[in-house]
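Q: Sequence:
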Amino acid sequence: MYQRPEPLDIENIFDDDEIIVTKTDLKGRITYVNDVFCKVAEMTEEDAMGEPHSIIRHPDMPRSVFYLLWQTIEAKQEIFAYVKNLAKSGHYYWVFAHVSPTMDKAGNIIGYHSSRRAAPQAQIDAVAPIYKQVLEVENSYANRKEGMEAGFKAIVDLLEQNGVSYDEFVWSVANN
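Numbers in my numbering are just positions in the sequence shown, counted from 1, shifted up by 575.
Please keep in mind that the hints were generated in silico from the structure rather than gathered at the bench.
No residue lacks a Cβ here, since even glycine has one placed at the ideal position from N, Cα and C.
You may find that some hints are simply not true.
Said to hold, decoys possible - With a straight-line cut-off of 25 Å between C-alpha atoms, the simulated SDA-like cross-links for lysine to any residue are:
hint : residue 1 : residue 2
1    : 614       : 578
2    : 651       : 685
3    : 663       : 747
4    : 614       : 634
5    : 707       : 588
6    : 663       : 634
7    : 720       : 600
8    : 651       : 588
9    : 598       : 627
10   : 720       : 634
11   : 598       : 745
12   : 707       : 747
Said to hold, decoys possible - Beta-carbon label-pair distances, calculated as ranges:
hint : residue 1 : residue 2 : range
13   : 707       : 627       : 23 to 29 Å
14   : 718       : 601       : 22 to 28 Å
15   : 735       : 649       : 33 to 39 Å
16   : 594       : 716       : 34 to 40 Å
17   : 743       : 707       : 19 to 25 Å
Kindly produce the complete structure, drawing on both the sequences and the hints.
A: In structure tokens:
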């Protein structure tokens, strides 16, 4: 069984032309990883297969971001997101992720697919303080579920205050 490492303040970098690819089943268990994933996450294919995709969730990431992600892909829509991941060594790496459902010919979701590129530093600098603020909201609750719901509300409120949808926010960061 995989044991989550203690996070270290050391970043794993990968090239702009490299793409991390993973696939999961309906419950988010990893069914495929490519060699770039193995290199950046510092895992073998055997380490990752069958494990929940959340094994790479960095504790700096608000749970509410993943709540939004799951709501979106379960609704048969794609989503783009900035994500800070945790490598097996405890190092971290930032990605700009594209996550989408995989569907059969009848339109039923049979799994999920994620392609991720290295996130440019300017984009990380734009989202990291927001994630920190949302995480503080989440952590202010003793009950994790209530904290996640409050964090999600903080995200929705922030988007409403700025008069943008989630997609508009993501693309405004991506295009700066």
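Q: If a hint holds in the structure, say so; if it doesn't, say that too.
A: Results for each hint:
Taking the CA atoms of residue 614 and residue 578, the gap is near 18 Å; set against the 25 Å cutoff, the hint holds. The straight-line distance between the Cα atoms of residue 651 and residue 685 is roughly 11 Å, inside the 25 Å bound, and the hint therefore holds. Straight-line distance between C-alpha atoms of residue 663 and residue 747 comes to about 32 Å, which puts the hinted pair past the 25 Å bound. A distance of roughly 21 Å separates the Cα atoms of residue 614 and residue 634; the hinted pair therefore holds under the 25 Å criterion.
Taken as a hint, the residue 707 and residue 588 pair is honoured in the structure, with Cα atoms around 21 Å apart against an allowance of 25 Å. Distance hint between residue 663 and residue 634 is fulfilled; the C-alpha atoms sit about 13 Å from each other, no more than 25 Å. Annotation: proposed proximity of residue 720 to residue 600 holds, straight-line Cα distance about 23 Å (limit 25 Å). In summary, the hint linking residue 651 to residue 588 is not supported, as the alpha carbons are separated by about 31 Å, beyond the 25 Å threshold.
For the proposed pair residue 598 and residue 627, the alpha carbon gap of about 11 Å is at most 25 Å, so the pair holds. About 16 Å separates the Cα atoms of residue 720 and residue 634, which keeps this hinted pair within 25 Å; it holds. Taking the CA atoms of residue 598 and residue 745, the gap is about 22 Å. The hint holds against a cut of 25 Å. Annotation: proposed proximity of residue 707 to residue 747 holds, straight-line Cα distance about 19 Å (limit 25 Å).
Between residue 707 and residue 627 the C-beta distance comes to about 24 Å, which sits within the given range of 23 to 29 Å. A hinted range of 22 to 28 Å holds for the C-beta pair residue 718 and residue 601, which are about 27 Å apart. Roughly 23 Å separates the CB atoms of residue 735 and residue 649, a value that falls outside the hinted 33 to 39 Å. For residue 594 and residue 716, the Cβ-Cβ distance of about 36 Å falls inside the hinted range of 34 to 40 Å, so the restraint holds.
Judged by the Cβ atoms, the range 19 to 25 Å given for residue 743 and residue 707 holds: they are separated by roughly 22 Å.
Figure legend: structure checked against the earlier numbered hints; hints not met, in rising order: 3, 8 and 15.
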